[in-house]
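Visitor: Construct the entire structure; sequences and hints are all you get.
2 protein chains.
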Amino acid sequence: MRPDAPERGFPEAEFAARTAKAQARMAKQGLAGLLLMTEPDVRYFSGFQTLFWQSPTRPWFLFVPASGKPVAVIPEIGGVLMRRSWLDDVRTWSAPRPEDDGISLLTDLLAPLAKAGGTIGVMKGHETALRMPLGDWERLITNLPGLHIADATRLVQGLRMVKSPAEIEKLRHICAIGSASFARVPEIIAEGMPLEEVFRTFRREALAQGADDAPYVVGAAEPGGYADVISPPSRRPLQSGDVVMLDTGCVWDGYYCDFDRNWAIGRADDMARRAHDTLWRATEAGLAAAKPGNTCRDLFRAMSAVIAEMDKSGGDIGRLGHGLGTQLTEQPSHAAFDETVLEEGMALTLEPSLGYGSGLMMVHEENIVVRSGGAELLSTRAPQELPLIGA
Amino acid sequence: MRPDAPERGFPEAEFAARTAKAQARMAKQGLAGLLLMTEPDVRYFSGFQTLFWQSPTRPWFLFVPASGKPVAVIPEIGGVLMRRSWLDDVRTWSAPRPEDDGISLLTDLLAPLAKAGGTIGVMKGHETALRMPLGDWERLITNLPGLHIADATRLVQGLRMVKSPAEIEKLRHICAIGSASFARVPEIIAEGMPLEEVFRTFRREALAQGADDAPYVVGAAEPGGYADVISPPSRRPLQSGDVVMLDTGCVWDGYYCDFDRNWAIGRADDMARRAHDTLWRATEAGLAAAKPGNTCRDLFRAMSAVIAEMDKSGGDIGRLGHGLGTQLTEQPSHAAFDETVLEEGMALTLEPSLGYGSGLMMVHEENIVVRSGGAELLSTRAPQELPLIGA
Chain A
1 MRPDAPERGF PEAEFAARTA KAQARMAKQG LAGLLLMTEP DVRYFSGFQT LFWQSPTRPW
61 FLFVPASGKP VAVIPEIGGV LMRRSWLDDV RTWSAPRPED DGISLLTDLL APLAKAGGTI
121 GVMKGHETAL RMPLGDWERL ITNLPGLHIA DATRLVQGLR MVKSPAEIEK LRHICAIGSA
181 SFARVPEIIA EGMPLEEVFR TFRREALAQG ADDAPYVVGA AEPGGYADVI SPPSRRPLQS
241 GDVVMLDTGC VWDGYYCDFD RNWAIGRADD MARRAHDTLW RATEAGLAAA KPGNTCRDLF
301 RAMSAVIAEM DKSGGDIGRL GHGLGTQLTE QPSHAAFDET VLEEGMALTL EPSLGYGSGL
361 MMVHEENIVV RSGGAELLST RAPQELPLIG A
Chain B
1 MRPDAPERGF PEAEFAARTA KAQARMAKQG LAGLLLMTEP DVRYFSGFQT LFWQSPTRPW
61 FLFVPASGKP VAVIPEIGGV LMRRSWLDDV RTWSAPRPED DGISLLTDLL APLAKAGGTI
121 GVMKGHETAL RMPLGDWERL ITNLPGLHIA DATRLVQGLR MVKSPAEIEK LRHICAIGSA
181 SFARVPEIIA EGMPLEEVFR TFRREALAQG ADDAPYVVGA AEPGGYADVI SPPSRRPLQS
241 GDVVMLDTGC VWDGYYCDFD RNWAIGRADD MARRAHDTLW RATEAGLAAA KPGNTCRDLF
301 RAMSAVIAEM DKSGGDIGRL GHGLGTQLTE QPSHAAFDET VLEEGMALTL EPSLGYGSGL
361 MMVHEENIVV RSGGAELLST RAPQELPLIG A
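Chains as they are written, first to last, in full-length UniProt numbering: chain A, 1 to 391; chain B, 1 to 391.
These are computed hints drawn from the structure, not numbers from a lab. Source: prediction; values computed, not measured. A hint or two may mislead.
Heads up, the list lumps identical chains together, so a pair's fine if it works in one copy or across two of them.
Calculated lysine-lysine pairs in the DSBU-like style (CA-CA distance at most 35 Å, straight line) [to be verified]:
| no. | residue 1 | residue 2 |
| --- | --- | --- |
| 1 | LYS21 | LYS124 |
| 2 | LYS124 | LYS28 |
| 3 | LYS69 | LYS124 |
| 4 | LYS291 | LYS115 |
Guide: Set out below in structure tokens:
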């Protein structure tokens with residue numbers, strides 16, 4: 001454990017504040033409640049944190065009423081842990097129970113709202129999923145004639161985008177762990193090491209540096225550059241002239257860092273060095289543009305203008321960064337379609353990428369928080385020049 | 001990397017066989033196709049493997065037609081990797097594109113079936129989720145009047161439950177890694193180590209033993225027993241008299257082990273030793289009952305009969321084991337409600353648990369594959385007696 005680790009969890013006031021903000025927005029939109037069912041949404045309002053969500057067997061529900069504390073409707077196996085949260089009303093059933101996995105409990109909870117012809121919000125927009133069986137959702141709606149369903153995606157994502165000081169401390173901590181792990185890479189990997197071992201070695205290093213886990217470790221290593229950034233590692237040993245990229249989402253107390261680094265093994269060719277320099281300068285442009293009042297589109301355009309010096313193809317990553325928090329990627333998106341206005345407290349990645357040579361690409365990423373005066377780096381800034389390993 | 005590691009991936013014949021089996025079942029049910037969208041389902045028919053699913057931003061789709069190879073409809077960032085699979089037809093779009101994240105491409109693909117009044121299967125039953133925005137799903141259905149939707153949960157889960165020899169080799173490998181990691185625990189943890197460090201140390205050990213990752217590490221340590229098995233670790237140091245439990249889902253080439261082990265620090269009281277012995281014998285009863293022709297309910301009853309010697313409360317875990325494969329937990333469930341008939345090649349956990357003392361519980365778990373002659377252990381069998389650390 002690093003000596004500078006913040007406290008785990010949050011004081012009750014954090015959840016009360018989040019709930020109050022949600023309820024103010026719900027009142028404006030005429031919502032009698034929010035029905036939430038994904039890990040980050042349930043955790044946001046309850047503090048309920050467990051790896052048990054990795055099992056797809058059981059659905060979990062949190063209902064945020066128009067006033068008062070949220071109500072949990074969850075499998076009994078989570079009862080002990082949820083009852084330690086700030087919630088007072090925790091309703092459980094013995095799950096799995098395929099013929100009635102929480103549906104009767106939800107129906108009882110929502111029936112008064114349905115009778116009154118009320119509207120509840122659910123997450124049904126961009127970047128959401130329905131984390132319960134679709135058949136059960138259809139049954140629930142059928143059970144509740146009169147209940148109206150509205151899309152609460154913007155309401156909840158809008159709240160979650162802006163981080164509290166306590167959240168930013170957690171993000172700062174995991175970004176420091178990520179930076180310390182990347183700083184060790186030139187000592188722990190070398191020419192001849194298979195890429196699969198590079199990934200494993202990096203994961204062990206991130207844990208040694210204090211990460212709770214390093215669930216996302218991807219990357220690539222190929223001569224002069226790489227063509228793909230989401231594949232599993234090969235067993236091919238690192239060779240002189242390879243460009244190696246590692247991208248990681250490490251997690252601490254449920255908060256993620258998400259950034260990457262590039263190195264060249266032994267020597268770097270001119271194109272790779274130029275790509276790295278271009279992406280570094282694109283990131284500088286992003287840092288300068290990351291001010292309250294600018295939009296995500298402004299960030300996208302600022303970085304794109306630099307990328308265009310070298311990339312003529314329009315690399316098809318679809319965006320140049322995103323929100324950072326309790327998921328590997330969060331809203332908003334630095335893309336031409338996203339007009340989200342930057343606010344103080346937003347935690348973001350800046351992630352310019354470009355294509356070069358014949359089918360090669362390079363990616364580059366930093367993590368920041370938007371402050372009144374502009375961007376504050378959470379990750380330790382990468383060097384402008386592509387660093388060499390074992391030169 | 002362990003010298004005994006199998007090959008990664010599968011030959012094309014594996015995917016062709018899975019697809020042919022699905023198509024035979026589809027024909028019986030009158031399905032013109034299957035529309036799949038979760039990581040394990042897409043991977044099952046395509047071999048497409050990436051950690052990028054951890055980002056919730058983009059939906060991914062695989063369509064299994066009534067005949068011929070599956071068709072991928074995916075974000076362009078996955079195009080390079082998917083085109084290396086056995087598929088011939090890979091359709092991509094520049095994602096994220098919130099106003100049309102694959103919906104036009106899916107509409108084009110499915111329109112002929114809708115026009116013919118056909119039926120496609122989607123996963124909408126127990127243990128499923130809709131991994132796309134609910135709003136997009138509703139738009140897609142509205143786009144395709146005439147298309148009928150059937151529940152394909154049993155069809156796909158039924159196929160996935162029975163593992164091929166190549167899948168069993170991967171499961172055997174990751175279970176060996178898990179067993180080797182647990183065997184090292186008495187050497188790498190000790191009285192005085194905070195539980196948070198115990199978890200981190202175990203994760204590093206699993207990676208050193210050859211796991212690609214150890215995404216699921218939970219457990220507990222309290223005097224004489226524990227009350228909860230899904231909480232994050234505390235910073236409380238291990239003390240003499242604690243019962244420590246570690247439960248892990250480690251992964252290799254996309255296949256999971258899922259089992260746990262208990263130890264006592266320094267000394268064990270009689271109740272804890274009796275609980276361990278009871279669970280060990282319950283597992284023996286499960287091993288004896290895990291024969292082709294028996295049902296999951298038979299497994300549940302065989303283990304329950306032994307557990308009842310000590311547990312008078314009816315511990316509310318809801319089931320005593322489950323399927324094992326490409327998710328931390330899979331179908332079927334060893335529960336009173338599950339009448340799935342065991343078949344040769346099913347990979348399963350046996351996971352008896354019991355309550356004792358005042359609010360304490362103990363869990364115990366092994367991993368097996370069902371063979372014609374009965375259960376074959378994939379995990380190295382736990383000792384009957386609760387083992388001591390540092391005695």
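Visitor: Does each hint fit the structure? Answer for all of them.
Guide: Hint check:
1. Taking identical chains as interchangeable, the C-alpha atoms of LYS21 and LYS124 lie at most 35 Å apart whether they share a chain (20 Å) or sit on different chains (34 Å).
2. Within a single copy, LYS124 and LYS28 get their C-alpha atoms as close as 19 Å, and across copies as close as 34 Å, so both meet the 35 Å cut-off.
3. Taking the shortest Cα distances, LYS69 and LYS124 sit within 35 Å of each other both inside one copy (23 Å) and across copies (31 Å).
4. For the homomeric pair LYS291 and LYS115, neither the shortest alpha-carbon distance inside one copy (47 Å) nor that between copies (51 Å) is at most 35 Å.
Figure legend: structure checked against the earlier numbered hints; the only hint not met is number 4.
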